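Listed here are the chains, written in short residue letters.
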Amino acid sequence: MTSVLFDHPGPKARARHRIIAAVSALLVVLALWWALAQFKEKGNLDAAKWTPFLTADLWVNYLLPGLQNTLIAAALSIVFAGAFGLVFGMGRLSHVPAIRWVSTVVVEFFRSVPVLVMMFFAFNLYAHNGVFRSDLNPLAGVVTGLTLYNGAVVAELLRSGVGSLPKGQTEAGLAIGLSRGQTLRSVLLPQAITAMLPALVSQLVVILKDTALGYLITYQELLNKFQQIGSYKSNPVPALIVIAAIFIVINYALTSLASYLERRTRQRGRATIPKGAIGPAPVDTQPIARALHDADEEVLHERYRAPGRTDDEHP
Amino acid sequence: MGELFASYNILGAFGLTILLAVSSAIGSLLIGTVVAIMRVSPIDFLNKVGAFYVNIVRNTPLTLIIVFCNIGFIVNLGMSFTNDIARNNIIWAIIGLSFYHAAFVCEALRSGVNTVPVGQAEAARSIGLTFSQSLSEVLLPQAFRGAITPLGNTLIALTKNTTVATAIGVAEISGLMKEMMEFRPDLIFVIFFLVALGFVILTLPVGILTTRLSTKLAVKR
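Residue numbers (our numbering), protein chains in the order written: chain U, 1 to 315; chain F, 1 to 221.
Simulated from the structure, these hints should not be mistaken for laboratory data. Nothing here was measured: the structure is a model prediction, and the numbers come from that model. Hints are supplied without guarantee of correctness; some may be wrong.
Unchecked claim - Cut-off 20 angstroms, straight-line C-alpha distance, at most; resulting in silico cross-link-like pairs (SDA-like, lysine to any residue):
| hint | chain 1 | residue 1 | chain 2 | residue 2 |
| --- | --- | --- | --- | --- |
| 1 | U | LYS42 | F | SER80 |
| 2 | F | LYS48 | U | VAL23 |
| 3 | U | LYS12 | U | SER24 |
| 4 | F | LYS48 | U | SER256 |
| 5 | U | LYS233 | F | ARG221 |
| 6 | U | LYS42 | F | PHE73 |
| 7 | U | LYS40 | F | PHE73 |
| 8 | U | LYS233 | F | LYS220 |
| 9 | F | LYS48 | U | SER24 |
| 10 | U | LYS40 | F | LYS220 |
| 11 | U | LYS12 | F | SER132 |
| 12 | U | LYS40 | F | ASN70 |
| 13 | F | LYS48 | U | GLU41 |
| 14 | U | LYS233 | F | VAL75 |
| 15 | F | LYS48 | U | VAL105 |
| 16 | F | LYS220 | F | LEU202 |
| 17 | U | LYS233 | U | GLU41 |
| 18 | U | LYS40 | U | VAL28 |
| 19 | F | LYS48 | U | ASP57 |
| 20 | U | LYS40 | U | ILE241 |
| 21 | F | LYS48 | U | ARG16 |
| 22 | U | LYS42 | F | GLY78 |
| 23 | F | LYS220 | F | VAL118 |
| 24 | U | LYS12 | F | SER41 |
| 25 | U | LYS42 | F | VAL75 |
| 26 | U | LYS40 | F | VAL118 |
| 27 | U | LYS42 | F | ILE37 |
| 28 | U | LYS40 | F | ILE71 |
| 29 | F | LYS48 | U | LEU32 |
| 30 | U | LYS42 | F | LYS220 |
| 31 | U | LYS49 | U | GLN68 |
| 32 | F | LYS48 | U | LYS40 |
| 33 | U | LYS233 | U | ASP57 |
Assemble the whole structure, with the sequences as input and the hints as a guide.
Structure, rendered in structure tokens:
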């Protein structure tokens, strides 16, 4: 990638860069060595703390069931969030002001309340009213929290996806005699969903990461297993590190998938919703701005509207 | 509702939430700027270190990072800054939150740099500006303006994520909410809307302010 910040280095600059690189490599090694020494002192690097992870017992009885619960919560939340997002996303694009307002309030509300607060609320609500079998309460709490928040994000993505389409698409749909609802459903939404695919996949990473909040309402997901493993083999720190590695591998794969999808959609010459922006991209996408789309999903909490753009522009 | 305010220190808990948010915002801005400089620097090694940091941190659940601060650093290594356990937990929560959000601050700043077209750098060079001149007069001013919106979003996300500090025993608002809901299940909706309203009040101005600023300071191209 051409950087805007630097010229191509000459021989002097290259020599300087090598020196800086060597010094910083030394610093990194020293820092790592110091950290490892600290953990070694407390016996965290002993073979006995790590060998349990090579036994089937730990995986079959702890890690894999934990991972399974994590994936179940994530999968349910994805399905429900998709439905929630579709309903309220279409609501925000509705032609009836009342529906639009209600949807806007609902979406904005659930986007600004922390997921954990919604989880605590849902969990306590279900527990006190006996809505579910008592062992299902933690799962229901996690799924409710994740659905409400991520559903609101999906609704917002959908709205901006439709907003990013050329106006001619709507006009063409209306001109051939489709109703506004039909235009939305059969012309705009399919294109919007293609455009939002990369952003949707990065939202999956958010969902998967946030299932770990279930730890705080005793949902037996992957992170929770560190306590059982830790007390069983007295190695809580190695257990946390292994669990972190599992999360990182899965999420990294999903992040890579998202960038692949984005590249592919882009090569086909279609617009994508930049991961960094709900609402139209803030600037025209110069080639150099491509790395902008590496910006992370947290940026999705975007709440700006581009100037001069109102909901009334879209049917 | 007055009853709730009388028996629980709701405002104090929100105060702690604000303290966490402000301190972690400063911390993550500092760390994130350093990582962002590494990420955009011409030195390949620093680049890779920065990329590694960002990829690791943003693919790890925040809850895990906070729990690790507790189990790994406080319990296992016995690292403490003060003898006051509650205060020590707060400090570690701030450290965890800062390191986590630094990855997102880095990406926000980097996306700001990436909004600057290459032509700007070429134009700066061709009119004879030196490297530092073109950086300070042409490139960075545009880069900062481009980063306002993503930085604002990171701040909003950070404010909401301070709730995770309850995992380390920090008495911020979500922990208090859990306690209130357990003791007063009859007021569960009131409690929820009270806390939700608090977060709306905390995050809404940030959103409005960054929207204003980014529109006002937008680089017209």
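Violated hints, by number in ascending order, as checked against the structure = Of the numbered hints, 5, 8, 10, 13, 15, 16, 19, 26, 27, 30, 31 and 32 do not hold.
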